[in-house]
Amino acid sequence: MKNVIEKYIRKEMFPHIWCPGCGNGIVLGALIRAIDSLGWEKDEVAMVSGIGCSSRITGYVDFNTMNTTHGRALPFATGIKMSNPKLKVIAVMGDGDCAAIGGNHFIHAARRNIDITAVIINNMIYGMTGGQYSPMTPTGKFGSTAPYGNIDQNFDLSALAASAGASYVARSSIYNPNQGTRFIKKALSKKGFSVVEIISDCPISYGRMNKLRTPVKMMEWIKSISVPKKTWEKLSVEEKKDKIPMGEFLDICIPEYTDKYKEVCAIAQEGGGNE
Amino acid sequence: MVTKKDNMKVYQNEETKIIVNEEWCKSCGICINYCPKKVLVANEKGYPVAEKIDDCIQCMLCELRCPDFAIRVENRKKVANYNMKDGSLED
Numbered sequence: 000m001k002n003v004i005e006k007y008i009r010k011e012m013f014p015h016i017w018c019p020g021c022g023n024g025i026v027l028g029a030l031i032r033a034i035d036s037l038g039w040e041k042d043e044v045a046m047v048s049g050i051g052c053s054s055r056i057t058g059y060v061d062f063n064t065m066n067t068t069h070g071r072a073l074p075f076a077t078g079i080k081m082s083n084p085k086l087k088v089i090a091v092m093g094d095g096d097c098a099a100i101g102g103n104h105f106i107h108a109a110r111r112n113i114d115i116t117a118v119i120i121n122n123m124i125y126g127m128t129g130g131q132y133s134p135m136t137p138t139g140k141f142g143s144t145a146p147y148g149n150i151d152q153n154f155d156l157s158a159l160a161a162s163a164g165a166s167y168v169a170r171s172s173i174y175n176p177n178q179g180t181r182f183i184k185k186a187l188s189k190k191g192f193s194v195v196e197i198i199s200d201c202p203i204s205y206g207r208m209n210k211l212r213t214p215v216k217m218m219e220w221i222k223s224i225s226v227p228k229k230t231w232e233k234l235s236v237e238e239k240k241d242k243i244p245m246g247e248f249l250d251i252c253i254p255e256y257t258d259k260y261k262e263v264c265a266i267a268q269e270g271g272g273n274e
Numbered sequence: 000m001v002t003k004k005d006n007m008k009v010y011q012n013e014e015t016k017i018i019v020n021e022e023w024c025k026s027c028g029i030c031i032n033y034c035p036k037k038v039l040v041a042n043e044k045g046y047p048v049a050e051k052i053d054d055c056i057q058c059m060l061c062e063l064r065c066p067d068f069a070i071r072v073e074n075r076k077k078v079a080n081y082n083m084k085d086g087s088l089e090d
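Residue numbers (numbering that gives the first Met the number 0), protein chains in the order written: chain A, 0 to 274; chain B, 0 to 90.
The following block holds chain B by itself, in its conformation from the complex (with noise of 0.2 Å):
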């Protein structure tokens, strides 16, 4: 389900949501680019669509390694709070 409100584009399922500020991305395609379960594809524009929203797993690190803090992702259910255990890159 897509919604509209002042540039800020609404995917939503269930349990996910997904708010793009398409007045702050640049399109640099990080988000897009980084999304493990490739959740997020470029529109026209290069700003990212949620369009397997489904397959999302709420992993944050496009909202996480976003400059521009255009995109945001929310668990409908519950409000997570930060969580600081990390990936890969662990010492």
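Isolated chain A (complex conformation) (with noise of 0.2 Å):
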């Protein structure tokens, strides 16, 4: 394969510091041969992260980048798009920093429908911080703050991003990078608010308290509660439980925020309003 990787990369920030086995790392290959495969140039994309260990993705990459505070990745990539509409910008966010102290920046972008990509890396816990259980916890599973078991329901990111506004959804996982990729290139495409949920391993802190300490485990696990969305519905309920279903969720057009800002811009400078 031609090395498009390179061409991206920080070369000098690595080997990067995940973990071994970390899906971190597969995720961002997928987003740069995503990028690679739609020719852009690396000064027309900003990516922005918040904190977290999915959000040291910044770092490791060649565009225009910003780690942000906690939870904060798309208020700021909001504000680089209204201000500059010709980027393309991407906001990579992890379980914690999207669902839960970015919960509302989240569903607010999807309902504004303004032109960002959120790839969300879902690995369930809080991973950077010791294995805490997030808002993505599976019912059941195991954290350092949940020793007997998580009795929280947990999101289903999809189907909110979905119902919130958005203009594309998509999940898939670290077992499959070429679905990934394939998802995110479309998701980068599309004009609108686009959500792609990949779900990935832990092995050091969801691993280690789910007896799935190796990666090799935790990527058999991934494989196991994958389901694609045309089986997940003939599933029963009783079936439904533990998996989760991968593939397109929503693909439809709906005008953009910056097109609608420039559309008011327009009226206003005409003296135009409700006056």
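Think of the hints as simulated: they come from the structure by calculation, not from any bench. Here a beta-carbon is modelled for each residue, glycine too, at the ideal position from N, C-alpha and C. Check each hint, because a few of them may be wrong.
To be clear about the criterion: a stretch of chain A counts as covered by chain B if any three or more of its residues have a C-beta under 8 Å from a C-beta of chain B, and this derived list gives those stretches [as the list claims (entries may be wrong)]:
{"hint": "1", "region": "17–28"}
{"hint": "2", "region": "173–186"}
{"hint": "3", "region": "213–220"}
Take the two lone chains and join them into the complex the hints point to.
Structure follows, in structure tokens:
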């Protein structure tokens, strides 16, 4: 294969800080391959991240990058997009970053349908801080703050994004990096808020507490819980338990926020409005 | 044939070239476990060694699943572009 990775990374930062077998690297590879297949220049892309293991991604790629505060990747990305709508803005977030502390920002970015691609690396745990359960930890699974099993229900982020008003929603996993690349490519070329959730592993924090200590065991587990969307629809309620549907859930064309803002500016400059 | 240059180990035959960056590799074992033709074997440090390189079908799964960008597969006859077709889990 053509060496596309080398073209986009900051080589001096490697080897990266992530643990052996961490899915963040696989997602980063998928993201770079998707950007390369679209033929975008490095300067056209702005990548924003928050706090967490996954958010270190911005340090390793040679785009316009920004590492912001916890959960606030999307507000900063919104600001970048509004000030320069020509930029292709990508927000990379973890599940804690996106669903917990940044949950409100996430649904409101989706509601506005602003042209940002949100890549969510869902490893179902707070990996960096030592394995506390996150809003994405499945019910009954263990975390360092849930030693007897998690009693909370987990979010269905894709369904949340779709109902909040996004234009494109898809879910893939690190077991299937080709599918992930395809979905990210579609999301990047979509005008409007597009979400790609990628189920990732965390052998160190999640695996240690759930008897999946090695990266291979975690990958096998991800494979066993993944179900294609079409098969998922035919499953009974009992069979759907502990399984996650994969595929594209939403792909619609609705007016985009920066376009609408431009129209409003034009109306205001012509002296229009409600008076 | 094995050559070594700045921690880059290169295994090659007439068709395939497998490059392993041992400085970046963290021995997670994903490439070794998911090679459909069992081309790769772990050495004493856990790094992949392309022992049966003649069996390699250039499916690129090791390269795509490597979290550390430490393994690369090249076709020595032509440089393939990225192929968007994917495997089993299709919707």
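Hint check:
Closer than 8 Å: that is the beta-carbon criterion, and the region 17–28 of chain A has 10 residues meeting it against chain B, so the requirement of 3 holds. Residues of the region 173–186 of chain A with a Cβ under 8 Å from some Cβ of chain B number 9, which satisfies the need for three, so the listed coverage holds. Requiring three or more residues with a Cβ within less than 8 Å of a Cβ of chain B, the coverage given for the region 213–220 of chain A holds, as 4 such residues are present.
Of the numbered hints given earlier, the model fails none.
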